[in-house]
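Given these sequences and hints, build the entire structure.
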Amino acid sequence: MEFTTFTFYVFGAILLFAALRVITAKNPVHAALYLVLAFFAGAGLWMLLQAEFLAIMLVMVYVGAVMVLFLFVVMMLDIDLARLRSRFWSYLPLGATIGILMVVMMAMVLGGRYFGVDALPGQTLPPGHSNTKELGRLLYTEYVYPFELASVILLVGIIAAVMLTLRKRKDTKYLDPSRQVARKREESVRLVSMPAEKEETETPTERGSQ
Amino acid sequence: MLNDFVPPDLYPASAEIFLVAMACAILLIDAFFGAQRRWLTSSLTLLTLVGCALITYLTMDAQVVLTFNNLFVDDLLSDFLKLLIYLAVIVAIIYSRDYLAARGLDKGEYYLLVLFATLGMMVMVSAASFLTIYLGLELLSLSLYALVALDRDSPRATEAAMKYFILGSLASGLLLYGMSMVYGATGTLEIGGVAQALHLGVANETVLVFGLVFIVSGIAFKLGAVPFHMWVPDVYQGAPTPIALLIASAPKLAAFAMAMRMLVYGLFELAEHWQSMLMILAVLSIALGNLAAIAQTNIKRMLAYSTISHMGFLLLALMSGVVGPDKHFALNAYSSALYFVVAYVLMSLGAFGTILLMSRPGYEVEHLEDFKGLNQRSPWFAAVMMAVMFSMAGVPFFVGFFAKFSVLLAVVDAGYIWVAVFAVMFSLIGAFYYLRIVKFMYFDAPVDAAPIRASLDMRFLLSVNGAAVVLFGIFPDALVSLCTYAVLRSL
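For the record, the sequence lines run as chains A and B. If you use the working numbering, the first sequence corresponds to residues 1 to 210, in order. If you use the working numbering, the second sequence corresponds to residues 1 to 491, in order.
In case anyone wonders, no lab produced these hints; they're calculated from the structure. Be aware that a few hints might be false.
Subject to a maximum C-alpha distance of 25 angstroms in a straight line, what follows is the list of computed DSS-like cross-link-like pairs (lysine-lysine) [claimed, not checked]:
(1) B:Lys163 <-> B:Lys107
(2) A:Lys184 <-> A:Lys173
(3) B:Lys439 <-> A:Lys173
(4) A:Lys168 <-> B:Lys107
See below:
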């Protein structure tokens with residue numbers, strides 16, 4: 001067995017194990033962490049396919065950003081797993097059917113006439129070929145126009161999100177830093193001349209006795 | 001590896017670059033000064049659009065120029081459509097300003113999203129690749145989804161935005177799926193490359209036809225053709241009227257360009273397949289649009305169903321471009337399609353403009369009855385609305401008549417006489433609901449006697465709009481020959 005084949009099976013086994021644990025783990029935090037492990041194993045598989053950029057992105061984006069967010073959500077939500085788990089077996093037939101369907105579909109795609117492994121054979125890249133460099137070159141030269149358009153689409157997304165969610169409530173108190181800085185002494189401090197010593201006042205008891 | 005790269009020629013895309021730069025500048029200006037001085041944002045937006053129009057006009061020539069590694073095309077058709085898009089957007093902004101200001105909706109985001117939607121349309125219009133078509137479409141759609149939800153305290157607007165967003169994403173997915181199949185079959189995303197690959201013949205035509213079905217569904221959704229029309233009435237009714245006006249006008253030009261680029265320029269070899277698909281969509285749209293519009297009591301829903309039937313006519317025109325087994329570009333069919341969509345945008349602007357004119361703070365024109373007695377309140381604008389309604393109904397010597405007439409002529413030329421007869425029959429049925437509004441305006445007593453107030457620029461522009469509906473109907477030659485020339489030079 002070649003070394004790459006061996007590595008493939010190792011990563012594949014880890015991936016399958018982690019994916020299985022995602023749905024069987026009792027603790028939702030553990031499930032999320034197993035998903036992270038599954039992503040790492042998937043990144044390893046991509047690395048074997050010489051798609052190192054995708055592998056790095058999977059780790060950076062999904063593990064670094066998406067899953068951390070996921071963990072926060074999982075920790076904040078009060079998920080009653082026992083209740084969710086109680087119907088595990090009643091959902092199993094449906095889930096299994098969908099799973100089998102997906103396996104059949106994948107088999108049809110891979111062995112199919114139109115997009116199968118035979119119709120679209122993979123290429124072996126020469127050693128030292130940099131996927132990342134190639135992608136970067138394409139993005140900033142030949143595909144610079146769609147790349148810029150994608151950035152404009154993201155900008156529209158930001159504007160729309162701000163428009164839909166930012167509310168200026170009139171009853172909230174907030175600080176205006178420029179007003180704070182521009183504040184003068186005269187506006188806020190009032191000098192009152194007071195006599196240095198207090199005049200002696202009569203106590204109520206004395207008044208009452210008179 | 002890097003040395004063989006030739007920097008792209010930016011000159012054909014100068015209008016787009018100007019628009020992006022100005023939009024970013026307006027974003028900052030509005031963030032700092034916009035809160036008190038909204039007029040600054042709106043006039044800068046209008047100036048930007050005028051600037052774009054100047055740039056497009058000055059860089060216009062009759063040559064087909066490809067740039068950005070064959071992702072962007074600058075031809076006469078794209079320049080012509082871009083000029084019309086700027087015009088439609090400018091008119092839409094001017095119609096909408098007072099309405100939005102009176103309801104506290106004239107946020108800076110409105111102007112920015114309108115600008116980005118315009119950019120999306122421009123990208124779609126001069127797309128030379130399936131990739132850029134998709135990106136332009138997403139840019140346009142995302143801006144429109146957000147604009148529909150502009151009045152976020154209105155539950156109806158939010159619901160409409162949600163429906164539009166979900167159905168629109170589904171349609172984008174369909175389109176993308178179709179594109180990926182075409183890519184799988186031909187190995188390229190460039191429209192010219194796809195056409196060439198199809199001409200030479202590809203191994204698996206089954207995949208290609210599957211992809212075509214998805215692409216046609218995506219186009220039909222974006223146009224609002226039956227059976228992908230469900231979003232149109234809800235969005236028109238739920239969205240604030242200025243946004244409905246925007247959706248009903250300029251994006252139709254971009255959708256026309258999208259259909260032209262993908263079906264006629266890219267997948268022309270598959271014409272016998274998409275021809276029958278378009279015919280089914282067109283016949284269904286004309287029938288359902290006209291029949292359902294009769295039952296409406298809400299003016300915006302009525303206009304939505306009228307849009308659906310008009311889009312059916314547009315599909316008829318696109319369909320009749322292929323005659324018989326020998327495939328050649330039928331010039332008159334595509335130029336009549338272009339003429340039809342231009343006429344439709346003109347009428348749509350006029351109809352929604354009148355609705356905006358009659359609305360005032362605290363009073364929305366929603367029902368057909370609101371038009372009762374408009375003649376007594378404002379004879380001039382009643383006449384404008386009458387011209388628009390007659391034109392939509394296809395009464396002779398209005399622009400809509402010649403638009404429908406040229407489409408029907410192309411359909412008959414293509415040999416589908418029964419389809420033309422069917423379209424005429426349903427146009428006659430459809431005339432009922434347009435004429436009902438005219439009857440309300442002229443022969444019924446007003447239910448609401450408030451005088452009609454509007455700013456001078458809006459009154460002027462709406463008058464020009466109404467006059468254009470009449471004048472292009474009496475003298476259609478100029479516009480027709482312009483459309484023919486634009487299509488001829490771009491094939």
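Between the alpha carbons of B:Lys439 and A:Lys173, is the straight-line distance 25 angstroms or under? With a Cα-Cα distance of about 56 angstroms, the restraint between B:Lys439 and A:Lys173 is violated, given a limit of 25 angstroms.
Restraint status (C-alpha distance of A:Lys168 to B:Lys107 at most 25 angstroms): holds, 13 angstroms
Can the restraint linking A:Lys184 and A:Lys173 be considered satisfied, given a maximum Cα separation of 25 angstroms? At roughly 21 angstroms apart (the allowed maximum being 25 angstroms), A:Lys173 and A:Lys184 satisfy the hint.
Given the hinted pair B:Lys163 and B:Lys107, is their alpha-carbon gap at most 25 angstroms? holds, 23 angstroms
In this structure, only the earlier hint numbered 3 is contradicted, and the remaining ones agree with it.
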